[in-house]
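There are 2 protein chains.
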Amino acid sequence: MMDVHRSIWTQTNNITSNLNILWAMHEVCPQAHLIKLGTMGEYGTPGLDIPEGFFEVEFRGRRDRLPFPRQPGSFYHLSKVHDSHNTAFACKVFRLRATDVMQGVVFGTHIAEMNVDPRLRSRLDFDQCFGTTINRFCCQAIIHHPLTIYGAGGQRRGYLPLRDVMQCLHLILQNPPADGEYRVINQFDECYSIRELAQLVQDVSRELGYATCQTHYENPRIEAESHHYRPDREQLLQLGYRPHHDVKSEIRIMLNDLAQHAERIAAKRDLLIPDIRWDGSRRKSAALPAVKQHSQ
Amino acid sequence: MMDVHRSIWTQTNNITSNLNILWAMHEVCPQAHLIKLGTMGEYGTPGLDIPEGFFEVEFRGRRDRLPFPRQPGSFYHLSKVHDSHNTAFACKVFRLRATDVMQGVVFGTHIAEMNVDPRLRSRLDFDQCFGTTINRFCCQAIIHHPLTIYGAGGQRRGYLPLRDVMQCLHLILQNPPADGEYRVINQFDECYSIRELAQLVQDVSRELGYATCQTHYENPRIEAESHHYRPDREQLLQLGYRPHHDVKSEIRIMLNDLAQHAERIAAKRDLLIPDIRWDGSRRKSAALPAVKQHSQ
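Residue numbers (numbering that gives the first Met the number 0), protein chains in the order written: chain A, 0 to 295; chain B, 0 to 295.
Bear in mind the hints are in silico, worked out from the structure with no lab data behind them.
Ideal Cβ positions, reconstructed from N, Cα and C, are used throughout, including at glycine.
Incorrect hints may have been included.
Unchecked claim - Across the chosen pairs, the derived CB separations fall in these ranges:
| id | chain 1 | residue 1 | chain 2 | residue 2 | range |
| --- | --- | --- | --- | --- | --- |
| 1 | A | Arg-263 | B | Thr-15 | 34 to 40 Å |
| 2 | B | His-227 | A | Asn-12 | 35 to 41 Å |
| 3 | B | His-169 | A | Gly-60 | 34 to 40 Å |
To be verified - Once the Cα atoms are required to be at most 20 Å apart in a straight line, the calculated SDA-like pairs of lysine to any residue come out as:
| id | chain 1 | residue 1 | chain 2 | residue 2 |
| --- | --- | --- | --- | --- |
| 4 | A | Lys-247 | A | Leu-199 |
| 5 | A | Lys-91 | B | Ser-225 |
| 6 | B | Lys-35 | B | Gln-234 |
| 7 | B | Lys-91 | A | Asp-278 |
| 8 | A | Lys-91 | A | Ala-23 |
| 9 | B | Lys-91 | A | Gly-150 |
| 10 | B | Lys-91 | A | Gln-70 |
| 11 | B | Lys-91 | A | Ala-223 |
| 12 | B | Lys-91 | A | Lys-91 |
| 13 | B | Lys-91 | A | Asn-218 |
| 14 | A | Lys-35 | B | Arg-276 |
| 15 | A | Lys-91 | B | Ile-7 |
| 16 | B | Lys-91 | A | Ser-225 |
| 17 | B | Lys-91 | A | Glu-217 |
| 18 | A | Lys-91 | B | Arg-276 |
| 19 | A | Lys-35 | B | Val-3 |
| 20 | A | Lys-91 | B | Arg-5 |
To be verified - Chain A stretches covered by chain B per the calculated footprint, using a threshold of three residues with CB under 8 Å from any CB of chain B:
| id | region |
| --- | --- |
| 21 | 17-26 |
| 22 | 40-49 |
| 23 | 56-69 |
| 24 | 77-84 |
| 25 | 88-98 |
Make a model of the complete structure from these sequences and hints.
Written out as structure tokens, the structure reads:
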């Protein structure tokens, strides 16, 4: 969303890489199973429940199973939508098999298998481009910065902890789709609003002794701040997914891991406030013009 | 559909150009009206009637107006779908106005305004990549080549003569959408199957003295050869479009124009037979392995 150059780079980079893979599979290994990581963000926030890729509808007395229309909210998310369309088509004409994973927002700093060595811990971004909400909130809590809720904070999305992602992708690997099948799987544990997440992070961080508060910040994006959101998540359960549900303990692990890096986060605190605006109307310097600040 | 390089070039070329235009409008002329030429091929051939870009559906007791899902039939058509999605999004976040024209297959060699000078006549392609069905049939008729129907020939599409295209685009120019509106208009006159078109070209060419016959040729594409097809075309009629409907006279004009170039067409007759296969399984040399040949 920064400018024309980044928009074009993001889309051509994703599309080119994905087309290269599709054609390579077609020419070299047509029996392989492609697991493509898309995002729940491809769907946007329609006024209907969100099925897993396809839905059956009636229109003027006829019924058909159609791809569920995608209405994503950024040029980045659009690049994933383009890849989904290309992949669905390639499955049809090249008879490839693919699982397109509509992944919810992933959070977490390590899984049990990484405990032996802190160098194995996953990368964690907290800037406006790559950092997601829970990452940002946890980093803010660690350095006593208010948790910045964009707009009203009623934006709901699906989330899942890193250890659940590993479990899901493993199940998908073990259960490939049929020849020529383009399968779409929604992958998340539970849905939360931004306000609920801020409250969760505040609760856990206070338990750990941080004096955390929340603030509402002018929304840099153009998105619905209060909307219907009820996506399906049936296929993974059928494949054997057992959600951990324990989001608070996951956040506790994150805060403890991040506490060891509080100085590095504090040194980059400017990154916690966005200066990119979706409508391109202004590029503010990184300051904190809080709409209102309150402690709950 | 030729190979990975052409797929990537086609998609990155269209997407890059279109994103450049959207960002340029946003930064320089946000009040301008973008008229983007898409194609009816973006919709593919779903089992439902095809509305103009959007449809209202009920799903699990809730109703919403959604983009009608696109299921195009080639990497080229997918590039237009990607552009449509990017344009719809840009209208939303940048408050641009755009008309996305889902254009049916255009045919014709000149309009009345070009009569004064044959150098004004439009370019005519009859190869497998850029040549459309009526062009190919007319060129085949002129050089006494059988009209090659791909597969069963029940593939239906919307068509419109060149003079109607000029009328429609003029009406769209004169009637721009509102600020921030992404408008989709289906632009065609009538729907024909490939078999019906072959019959029309055969009838007209025989009237002109050509001994034209038809042949069924193994379909190089992967597509439904018999399917539901009932797209809407309401908005252009509301804007004042008056279709000419006289497809036979348009084909007569084409045949007469093309007759002057019979030798050039005959010299390139290899172009009339495709060697690109949608499934990429084989690349045949340009020969005519007719499935069956008959004269009606």
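Verification of the hints:
Checked against the hint of 34 to 40 Å, the C-beta distance between Arg-263/A and Thr-15/B comes to roughly 38 Å, which is consistent with it. Between His-227/B and Asn-12/A the C-beta distance comes to about 38 Å, which sits within the given range of 35 to 41 Å. In this structure the hint that His-169/B and Gly-60/A lie 34 to 40 Å apart at CB holds, the actual value being about 35 Å. Restraint check for Lys-247/A and Leu-199/A: satisfied, since their Cα atoms lie roughly 7 Å apart, inside the 20 Å limit.
Of the supplied pair hints, the one linking Lys-91/A and Ser-225/B holds, its CA atoms being roughly 17 Å apart against a limit of 20 Å. Of the supplied pair hints, the one linking Lys-35/B and Gln-234/B holds, its CA atoms being roughly 16 Å apart against a limit of 20 Å. Under the criterion of a C-alpha separation no larger than 20 Å, the hint pairing Lys-91/B with Asp-278/A is consistent with the structure, at around 9 Å. Our distance criterion of 20 Å between C-alpha atoms is met by Lys-91/A and Ala-23/A, whose separation comes to about 16 Å.
Using a Cα cut-off of 20 Å, the hinted pair Lys-91/B and Gly-150/A holds, with the two alpha carbons roughly 18 Å apart. Among the hinted pairs, Lys-91/B with Gln-70/A is consistent with the structure: their alpha-carbon atoms are about 11 Å apart, no more than 20 Å. At most 20 Å may separate the alpha-carbon atoms for a hinted pair to count; Lys-91/B and Ala-223/A meet this at roughly 12 Å. The suggested pairing of Lys-91/B with Lys-91/A is violated, with an alpha-carbon distance near 32 Å, which exceeds 20 Å.
Taking the CA atoms of Lys-91/B and Asn-218/A, the gap is near 16 Å; set against the 20 Å cutoff, the hint holds. Between the alpha carbons of Lys-35/A and Arg-276/B the distance comes to roughly 26 Å, so the proposed pair goes past 20 Å and is violated. Note on Lys-91/A and Ile-7/B: the hinted pairing holds, with a Cα-Cα distance of about 18 Å set against a maximum of 20 Å. Restraint check for Lys-91/B and Ser-225/A: satisfied, since their Cα atoms lie roughly 17 Å apart, inside the 20 Å limit.
Pair hint Lys-91/B plus Glu-217/A holds up; C-alpha atoms about 19 Å apart against a cutoff of 20 Å. Between Lys-91/A and Arg-276/B the CA atoms are separated by roughly 14 Å; this keeps the pair inside 20 Å, and the hint holds. Annotation: proposed proximity of Lys-35/A to Val-3/B holds, straight-line Cα distance about 19 Å (limit 20 Å). Restraint check for Lys-91/A and Arg-5/B: the C-alpha separation of about 19 Å stays at or below 20 Å, so the hint holds.
A stretch counts as covered by a chain when three or more of its residues have a beta carbon under 8 Å from one of that chain; for the region 17-26 of chain A and chain B the count is 6, and the coverage holds. Residue count for the region 40-49 of chain A with a Cβ under 8 Å from a Cβ of chain B: 4. That meets the three needed, and the coverage hint holds. A count of 12 residues in the region 56-69 of chain A with a Cβ less than 8 Å from any Cβ of chain B is obtained; the coverage claim is therefore met, three being the minimum. Counting residues of the region 77-84 of chain A whose beta-carbon sits less than 8 Å from any beta-carbon of chain B gives 4, enough to reach three: the coverage restraint holds.
Given as covered by chain B, the region 88-98 of chain A passes the check, having 5 residues with a CB less than 8 Å from a CB of that chain where 3 are the minimum.
Checked against the numbered hints given earlier, this structure breaks hints 12 and 14; the rest are met.
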